[in-house]
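Peer 1: Listed below are the residues making up each chain.
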Amino acid sequence: MIKLTINGKVHQVDVAPDTPLLWALRDTLQMTGTKYGCGQALCGACTVHVEGSPVRACMTPVSAVAGRKITTIEAIDTQRVGKAVQEAWRKLDVVQCGYCQSGQIMSAVALLSQNRKPTDADIDNAMSGNLCRCATYVRIRAAIHEAAKALA
Amino acid sequence: MSEIIIENLSRRRFLQGSAGLTLGFCLPAIAAGAAGKLGAAAAVDTEINAFLKIGTDNSVTILSKHLEMGQGSYTGLATILAEELDADWKLVRVEGAPADAKRYNNTFWGPAQGTGGSTAMANSWEQMRKAGASGRAMLVSAAAKRWNVGAADIVVRDGIVSHAGSGRQASFGELAQDAARETVPADIKLKDPKDFRLIGKQARRKDSAAKTNGTAQFTQDVFLPGMLVAVVAHPPLFGATVKSFDASKARAVKGVVDVVQIPQGVAVLATDTWSAKKGRDALSVSWDDSKAFKLGSDEILAKYKEMAKKPGLVAANKGDTAKTFAGAAKVVSASFDFPYLAHAAMEPMNCVVQLKADGCDVWNGEQFQTVDQGRVAALFGLKPEQVKLNMLYAGGSFGRRACTHSDYVLEAAHIVKAINGKAPVKLVWLREDDMRGGYYRPLFHHALEAALDGNGKLVGWRHRLVGQSILTGSPFEAMMVKDGIDHVSVEGASNLPYAIPNLTVDLHTPTDIGVPVLWWRSVGSSHTAYSTEVFLDQVAAAMSKDPVALRLELLAEHPHHAGVLKLAAEKANWGTPLKAAAGERRGRGVAVHESFNSFVAHVAEVTIKKDGSIRVDRVVSAVDCGTAINPDNIRSQVEGSVGFALSAAMSGEITLKGGRVEQGNFDGYPVLRIGDMPRVEVHIVPSALAPTGIGEPGVPPVAPAVANAIAAATGKFLTRLPFNTTDLVA
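As they're listed, the protein sequences go chains V and R.
Residue numbers for the first sequence follow our numbering, so the first one is 1396 and each next one is one higher.
Residue numbers for the second sequence follow our numbering, so the first one is 296 and each next one is one higher.
Hints are computed from structural coordinates only; laboratory data are not their basis.
Remember, predicted model here, so these are calculated numbers, not experimental data.
Each residue gets a CB set at the ideal place from its N, CA and C atoms; glycine is no exception.
Worth double-checking, as some hints may not be accurate.
[Said to hold, decoys possible] Using C-beta positions, here's what the derived DEER-type ranges look like: (1) Lys-1512(V) x Asp-593(R): 46 to 54 Å; (2) Ser-628(R) x Ser-1523(V): 39 to 47 Å; (3) Ser-579(R) x Thr-1400(V): 34 to 42 Å; (4) Lys-1512(V) x Lys-598(R): 54 to 62 Å; (5) Lys-1512(V) x Ala-459(R): 50 to 58 Å; (6) Thr-536(R) x Ser-1523(V): 37 to 45 Å; (7) Lys-752(R) x Ser-1523(V): 44 to 52 Å; (8) Asp-1413(V) x Ser-543(R): 18 to 26 Å; (9) Asp-962(R) x Asp-1515(V): 20 to 28 Å.
[Unchecked claim] Partial chain R-side listing against chain V, Cβ under 8 Å, derived: (10) Phe-513; (11) Lys-549; (12) Asp-567; (13) Ala-639; (14) Tyr-688; (15) Ala-689; (16) Asp-927; (17) Asp-962; (18) Phe-1012.
So here's chain R without its partners, still in its complex pose (with noise of 0.2 Å):
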């Protein structure tokens, strides 16, 4: 981890002249917390460092650097700086912090802000308990000094100041500007876990309040005077540009105000967007197709098959596997194919920007600060620090709002380039332009071999892998992309927990397919972990292995594997029967993955119809992400994971005919409905590690979880996704 500074910016001002507050401290329109601030106008907010401010009503502000897109990241930041400081949680709130690389990156990712990798949590330990206990230290200082006591003698608990001695106190509101004077601690000490009073304890969201009454404010909500909303004419294939347009109808449009051509297509400019989108719907473009990608998704399968017959480039290798294979007595293998994936999130992909004499302004559910910011700063002739991102909540993301290229932002901004900055502009994508919008999740192929030796022992393992590279050519490529290998394709297969003695992974990564591909919740372990693990199933099923037993056999380095696989058998009942009712088969399947150095099992019970139609029943999940934050919050995200993960497993699925996204909307790209969500337990191991990341590790094994289940019902494995239930018709 780099080093952590924690900047006192108040106490900066105040030196050179100025008062210790945070006027001018440009923050975005939204806040979370059940202590508002209404009919506080006259509360004035104290900065006592980057991420805390303190205000005369005794509110508790908490700057969040990463974005709050369902995963919980207000609440667990908040709950960590409180915890240090002592505050008062009811009294605690959330505001999402501005772009700021250097006060507010990601500590994982060096010098650049933004949310990703189920990092939040697990980068932000330190610095928040930091930042939460030199906070303490400072209204500790502060009051000694004001009473003419011992700092030692004092006692902070809710937000209150004490000391016993003299009987006095102070509010966290009383202190805050004597309190941003006081100097940063050189040596904070940080309590000791038994002490915790909120991490591991049930702090309730803070964001619930605003999500279940219409105030939450996203990007679809922002309005600002003037601004005209943005429907834009995308061409219908990947590559496409446009040739020609006639925008005479569109300008016919009531409410329509202008119609430009932008790099992505042509723009309808209206007052309102039921406008814009009659606007849109009405145009007539000509498009350039001679650059365009038009294979379909079949063609492209078909090719990456054909390049899995030659080995690609080695991503992880030990032992010796041509000689092992060779010398082997049983030798098992599968392949599978993944689909291209939309991420689909219920907000669709939407940005606001306004240009002003001295700068821009953007309003976005902003997941990649430092990346959008740059790239919007170079389009308008600007320094990075004039961008101003302003980090709105976002309606789901699932690594949709992280785009590499910055796609729907730099759309925004050229739109308003295009009218010279004029008017502010929302740019909406109706949900037709977000399905088919491209950077989804790609579409793979993996071949697998295991070889047993002649006692039945699995001595070989062979992992083939093909598939687009989602890092080359985005600014993470020097990092994560190493001698031709993206660490994202091979990730969950090349880092293969077990302990087989001879194994290759390798991968071929196709340069010539045309269509854009981005992180899924949970990246390369949302195939890896479906490949590896049903797989592996295949293999106990030749070895005539229990799936659990063989597994922990070959996981006795991998204790944090094994805990959390033993947890979900034990609670799953693992071993005992199932009752099936007449005419169903019922069966119970496992899996287990670590992605961002989170563990999680999961054990799926499952019943299959004379039809072949799948019910999931109920999942039991034990997962290991270290310390616990927010133990309810740990089991709402593996909830959702598991809703997420089935919902691609029975249904998600992008395809491609002559270049061209054949789904537009929900008929096509079904999302799983409440009627299908399964009952889902949680199990969380204890843990004193430092905390890891949940946003996405309940994802990857629930498929394969499933697959192994109905294999157990049916004798069949599933090697392409999503299930096709005609291959289980009894």
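In isolation and in its complexed conformation, chain V is listed as follows (with noise of 0.2 Å):
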């Protein structure tokens, strides 16, 4: 047994210590917001936050965050932060077939926690890691800056 504490709750998961966090989330919680992507850390779909940071779930074994605050997409919207960059997503239209966005958002809201005012550099920097295959890349630079915007 595992003690995962993710978006404030405490769950106990039964599975091999070397399993990656993103296989507990969606196959052991069926917390499912989580996405599978490449499995190799070079896609981003499966962001969360662990203690804050951008993490991906798919090469980080849940031994390694036992105990350690994690936060997924499902809670994004309890976080000032994380609301005001749901609601600049959802304004923007930024989404297509929406598989990769919830990594993008998990990523812009680390980023916008660090950097209220990013530049287009920045952006393009801190969220080099997620791929959108349907390239929303326009729509979420102008999101990102629609919601530092708001927290302004």
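Take each chain as given, in its own frame, and dock them per the hints.
Peer 2: Encoded structure:
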């Protein structure tokens, strides 16, 4: 049994210690907002926060995050920055297929939590690990600026 | 277009003595919309027609017969119907329709349901308008009877039906059950476009909320009681089969429940994905390669170049090309090579199948209902209607989920069959399975020649293509392959719009290449737009003509092409100089292309550094796709098309060595990242014509516009995709 603290709630999960956090979230806890895209930390679809920092859940064994504060897309709207990002995403209709967007939002929230007025270059840098095959990048940039404005 | 019939099942059921409700009309657990059903357990939906249900809570549910894979189909279809219904957009939600080729067929495809060819809006335009307008008429009729007033004096606005004279009004929800008993009007009056309140405006996406809080349901997110997850060991070569396997180590993995052989390989079933993957990796399989395809992509290309030396089957012919070239003052020639491309949707292919006593349930980002339903039914010995398809959101597709051979859907069904249906199974392809699973955009070789006469006029055009057929051997072969010419191999080339009096387009279709191929966003135009538009710029250079001016000269008979071309050129300040920093070269390039009856022109601006690296700074686009149902979605699709096409042009390439696919994940097959995304400006040509499509048409002219911009900056026309930056070192 491994103790995971997710979105403020403690869960005991019965999985092998090498199980990636992604699959514990998805298959054990059925918290499916966090997505599988590559399994090698190449696409960012599985991005969650561990102690507020963006982490690729597909390469993070549960043993490494036991007892640490994990936040997923399901609870992102409980944070002021998270709420602002989500609202900006909706206002600009950023999504297309939507599969990568949980990860995009988690990375955007992490950026704005550190940097309240990011430039395009800051955005491109912080978001470079998150692939979007629909290429919604133009709107991702715009929505991050929009959220920054709302938070100012 | 085939005849559109709007059925009213409610009425039929009512006449049969049952309630006019949609109970038992099984729908997938997916719905998109701001007006969710939370706390509305008591609300009852009334089916007005095949595309419309109205709830006692005033919710308006629109059934989408088309897959939502990102292209905005759910929102678009809802916009059309809600417009004619005069619904309150806030209360509109969308559900995926079940598989039913009679009610939900793609009207462009005859008796087949499916999504593709950028047809979702085009084939549904009239149908959804009529569904909305007839629903509105039935609500009005019901209100007129209830209030004993004339229907002509009743007004409908934002989901409220009212009669000024008597001061009475009722919501859709209050009238729905009575409305369902009304006769479907035979003669349906549609709105005058000047009265549109949703179409052409900014109706927000219906799936934005669920896709930004993690609740949107994809196939990957389906969990059923007792469900097992299957990860499959696939053969490393196309056409190889299982010779033998040892599953002892796989079975020893905690969580692994079963290991079964299927025609596609060996499936490991476990209680969860990670255990299934560990089990799959622990398998020892020996493969029978005797019938496998073993060539590499270099050898395939060499073979194609050899084939291109001889004439192929003629796909288009006008004038006398042989004579024209024999008498030409100048001949320009070039050849182009295009690689295999993977779709690489963010959600790798997956499918859930459950066998039941009386049929089979499938959960899938379902793009090809009638084809998949028929195949699954045949495998289990069921009737097609016993296979219930639950259409979920697809995490991208770009054509991959409309597989001509139902590959991954059948694979999931085979696994269920192999375990005698004892548990529902979710087949999960890991990224490597998806990348190496075949069904690529085919590798193509093109050879082009242009003849100029003594006056420097472009008088002849020869275009030879070599590449595998997508449709041969598919259910669409009879419709789309004529006299050996697969229409989608030559589309965009055989219908070249330019006024060139002598033209021949011919095609070689190799039949001995064992790499499965499939449509990839924009299909044939994904390569024909490149070769034709880049070659035309080479011809323009040989004629010392401006690329826009030459195109406009040759497009006198094609006002839609000319319209988008002029608009894009004007908005991009075509002809004005671009400032370059020291050591950098800059250029502007243009391309225009028609695909799926839509017209798109792009002007690209690029910067080339000394090391040859390419940065696309800006793309200015003009599109003509008929009536703009949702202008913001058109912009969004074109923005996305620019990124998608640029990704392929800059780095997209699946290569084979000894028959084995060399790429497996996003390291080997890089996809465009945010830092390489240019600014995109989209301009929409106003149009009163019926809508065409926009999911694909933005893609084809991107790469040629960029290549032409690179040529403007460097003098070098790139004839091989993806771009090789070492060709551009200063």
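Peer 1: Go through the numbered hints given earlier and state which of them the structure violates, listing their numbers in rising order.
Peer 2: 18
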